[in-house]
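Engineer: Chain order of the listed sequences is S and U.
Numbering follows the numbering used here, with no gaps: position 91 of the first sequence is 91.
To get the numbering used here, take the position in the second sequence, counting from 1, and add 211.
No wet-lab data here; the hints were simulated from the structure.
Any given hint could be a false lead.
As the list claims (entries may be wrong) - No farther apart than 20 angstroms at their CA atoms in a straight line, the calculated lysine to aspartate or glutamate pairs in the EDC-like style are these: (1) Lys-202/S x Glu-228/U; (2) Lys-202/S x Glu-399/U; (3) Lys-105/S x Asp-165/S; (4) Lys-413/U x Asp-49/S; (5) Lys-316/U x Glu-353/U.
Protein chains: 2
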Amino acid sequence: MINIPAAVSSRLPLYYEYIVHMEEQGSRWVSSNMIASALDLTPSTIRQDIKYLDKIYSSSFGYSTQSFRQVLEDALGISAGNNMALVGAGSLGRALVHYKGFASKGFTVKAVFDKREDLIDTDIDGVKVWQLGRMNEVVKRERITIGIITTPADAAQQVANMMVDAKIQGIWNFAPINLRVPPNVTVENANVMPSLFSLAFKMKVMASTKK
Amino acid sequence: MINIPAAVSSRLPLYYEYIVHMEEQGSRWVSSNMIASALDLTPSTIRQDIKYLDKIYSSSFGYSTQSFRQVLEDALGISAGNNMALVGAGSLGRALVHYKGFASKGFTVKAVFDKREDLIDTDIDGVKVWQLGRMNEVVKRERITIGIITTPADAAQQVANMMVDAKIQGIWNFAPINLRVPPNVTVENANVMPSLFSLAFKMKVMASTKK
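With the hints as extra help, turn the sequences into a complete structure.
Structural biologist: Take a look at the structure:
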């Protein structure tokens with residue numbers, strides 16, 4: 001597990017998304033050529049990456065989607081279940097709590113925190129909003145391992161410090177700043193812009209093709 | 212322009228994010244080694260990719276961040292400016308309209324559409340909410356080229372059809388379904404899950420390293 005190169009591990013979430021999609025479409029088998037074509041990689045990259053994973057059941061049709069999904073769920077820590085706390089009950093925070101895609105993948109928002117007094121003790125989709133001062137206690141009781149930051153940029157570092165104090169192990173950061181955390185805490189910055197740039201680029205290519 | 216391989220073009224938005232970040236941090240020069248290290252690619256991949264772009268000003272310190280950013284802005288269609296319409300004024304839609312990162316990169320939300328009568332003629336951060344029936348007229352007048360879909364999945368295809376009718380050229384889709392559109396329309400699906408999976412994976416690796 002610990003010896004998977006970063007370049008390989010960065011592709012595992014993409015494989016997982018693709019396999020889940022294919023399984024939902026009713027596909028029981030996928031080949032490395034199919035994955036390569038869908039994700040714009042080479043088949044040999046796929047086959048090399050798979051060598052780092054547990055054994056995936058395969059046949060002459062390719063890899064079993066069910067087996068592939070289960071192996072990836074183990075590798076990605078999805079099967080274990082992950083409890084999350086979200087700080088910042090603005091529109092982005094609410095959108096994430098509303099989002100239906102987490103729970104089916106083993107991620108559950110267990111608590112929301114905000115500094116606005118009028119939100120305390122209300123709930124968002126059944127998830128209670130707490131005072132920031134209750135973080136240590138709630139994180140411990142609900143066995144929360146992941147913190148989501150959806151505050152403005154100028155509050156994010158302070159919130160990250162509180163999460164670190166509460167022994168949260170991973171931070172999913174939506175605020176547009178680079179957080180400073182101790183080396184035992186993992187930070188992943190979420191960013192929608194690359195996907196928008198990619199759209200603009202493809203549109204430009206299409207426009208120039210038509211000329 | 213039209214001959215850039217898909218594998219190369221998929222990396223350009225990542226280069227752009229990195230260069231903008233470095234420029235904001237005050238860096239005037241970046242080397243292919245620095246980019247490679249930050250983005251987990253090889254320096255030769257970076258140098259190969261750059262051959263597809265316009266000439267970037269460079270010195271013995273590396274590439275000029277300013278020149279690199281400008282070349283990428285041209286390649287990605289960012290410098291031209293892109294007007295956008297958003298359909299679905301729920302929490303995610305509002306979060307995107309609130310988001311400050313678009314305008315500085317040349318993307319502007321010019322109109323919001325929703326089917327809820329009580330929202331029509333209100334505004335979100337100064338952007339007016341319109342009836343869906345006004346889409347053709349508003350898209351034409353505001354020279355909108357990109358449509359953002361933040362509706363529930365079961366409404367998304369119908370909204371995409373309306374966007375196609377209104378001659379929108381690119382759709383940034385946040386609804387969890389695959390849209391069917393004519394070949395002259397570009398669709399980019401936005402998805403936050405890979406970033407969350409990546410966090411969970413890194414946390415798992417860190418936990419197993421400590422054992």
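Engineer: Compare the structure with each hint and give your call.
Structural biologist: Hints and how they fare:
With a CA separation close to 17 angstroms, the supplied pair Lys-202/S and Glu-228/U stays within the 20 angstroms bound. Distance hint between Lys-202/S and Glu-399/U is fulfilled; the C-alpha atoms sit about 9 angstroms from each other, no more than 20 angstroms. Proposed proximity of Lys-105/S and Asp-165/S is contradicted: the alpha carbons are some 27 angstroms apart, above 20 angstroms. Straight-line distance between C-alpha atoms of Lys-413/U and Asp-49/S comes to about 16 angstroms, which keeps the hinted pair within the 20 angstroms bound.
The suggested pairing of Lys-316/U with Glu-353/U holds, with an alpha-carbon distance near 18 angstroms, which does not exceed 20 angstroms.
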